[in-house]
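Asks: One-letter residues, chain by chain:
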Amino acid sequence: MRKIVSYIIDNRDYVTFFITIILSLLILTNNQSENIQNIKSKFGFINYYLNLPNMIFSDLFYLKEKNKLLNEQIININLENSKLEHLIVENNRLKSLLEYKENSNFSLLTSKVINFGISPFSNSVNIDLGSDDNIVPNLPVINVNGVVGKTINSFSKTSTVQLMTDYNFRLSVRLENSGTVGILRYKKDNIFEIWEIPKTTDVSINERIITSGFSDIFPSGIFVGKVVKILEETNFIHKIILVKSLTDFSNLEYVFVIENNK
Amino acid sequence: MYSLFKIVFFGSVIILFELIILDFITINNIRPDFLLIYLLYISLTYGRLKGLLSGFLLGILEDFISGTLFFGLSALTKTISGFFFGNLSGKFRKINPIFYFGYVFCVIGFNFFIYFYVSNQNVFTNQKGLFFNIYFYAFFYTLIFFFIINYIKPINSINYLKDR
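Chains as they are written, first to last, in the working numbering: chain B, 224 to 485; chain P, 3 to 166.
By construction, these hints were calculated from the structure, which means they are not laboratory data.
Straight-line Cα separation of at most 25 Å, PhoX-like style, residue types lysine-lysine; simulated pairs:
| no. | chain 1 | residue 1 | chain 2 | residue 2 |
| --- | --- | --- | --- | --- |
| 1 | P | Lys130 | B | Lys452 |
| 2 | P | Lys130 | B | Lys410 |
| 3 | P | Lys130 | B | Lys411 |
Covered stretches of chain P, going by a simulated chain B footprint (3 or more residues, C-beta under 8 Å):
| no. | region |
| --- | --- |
| 4 | 8-22 |
| 5 | 26-34 |
| 6 | 66-73 |
| 7 | 76-83 |
| 8 | 120-131 |
Cβ coordinates follow ideal geometry from the N, Cα and C atoms, glycine included.
Build out the structure end to end from the sequences listed, making use of the hints.
Replies: What follows is the structure, given as structure tokens:
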């Protein structure tokens with residue numbers, strides 16, 4: 224026993240290294256477990272208090288409430304407009320074949336972006352709404368120019384939003400004119416790409432891309448971006464469509480969380 | 003124990019600083035990792051044991067703040083980095099500077115690789131070019147800040163503390 228103890232003391236660097244690595248791996252592999260989620264929510268105040276100076280700092284420069292109200296009005300009008308445009312195209316195409324049921328009563332929560340995530344690779348922002356405001360993971364986040372991302376974590380007073388520009392972000396989208404559905408992913412410089420579009424599909428430049436609704440998170444008909452380029456390689460079985468989002472992801476100020484989309 | 007609190011406290015200050023200035027230094031969604039540079043200095047000052055413990059605690063703190071989908075990943079990468087950085091503690095005059103700095107760069111590169119590989123496996127599988135493009139951008143961007151900080155406080159001026 225004494226030998227074991229003296230061995231551990233002599234090699235405490237390696238023993239501690241081994242223990243911390245195992246601990247990190249355990250946390251990492253049990254990421255979604257209830258225990259880890261509980262710990263995260265209990266210590267969520269760390270996130271809030273570390274973000275507090277930044278919030279105070281940025282509040283000095285913005286007229287918060289007025290902007291919030293104005294932006295909320297704009298987003299509602301834009302959403303309504305986007306919905307209507309989509310409905311016209313849908314109605315022309317399907318006419319009496321399909322009864323299109325509309326469920327667009329979005330309940331929007333206005334939120335201010337506190338800061339950008341500090342991770343060097345993942346693209347996320349922290350917002351000033353949290354579980355106290357009924358924010359839970361996997362809620363759609365939009366702004367006046369369309370989809371921004373989705374919530375991935377919620378602490379008591381803040382939440383983390385995974386932006387569309389994160390390389391892990393995937394979004395089921397629809398070409399508005401043809402109705403073809405594909406998966407959108409980030410490429411670079413505010414350009415996104417959709418790979419799964421059949422070559423027979425007619426696509427035009429500036430065609431609107433909207434959410435398909437084939438998702439538990441995003442309701443259908445939310446504006447995503449416009450087609451800027453169509454790539455048709457002979458050795459590809461699909462077209463690749465490049466889409467530009469109108470949102471400036473490097474300069475987000477206010478976003479809107481869709482609280483319930485039904 | 004006291005020095006560990008001190009390290010984590012200053013680490014929190016660095017995170018605060020990072021949060022405030024991040025908007026101004028983000029280029030094409032790429033950000034430098036100031037916490038890793040801080041960890042390098044900590045590990046060189048206090049040695050391997052405190053380096054890896056600091057890496058673990060700062061990594062957990064970073065995971066909390068960044069709200070990452072991969073909670074525990076920063077703790078893992080920074081523990082490994084803290085351990086390997088700590089190997090260089092007090093050895094600046096004993097090792098060839100090229101090997102010394104080469105080792106530091108390798109550890110920084112390794113840290114980024116694990117982080118980016120685990121968090122973006124689909125990019126690695128489907129778009130290797132893009133993967134290495136972003137990886138090297140982030141790596142070199144962090145190195146630029148390392149050189150600036152090293153110019154202000156050279157790592158050869160760090161006093162090796164024996165209170166490990």
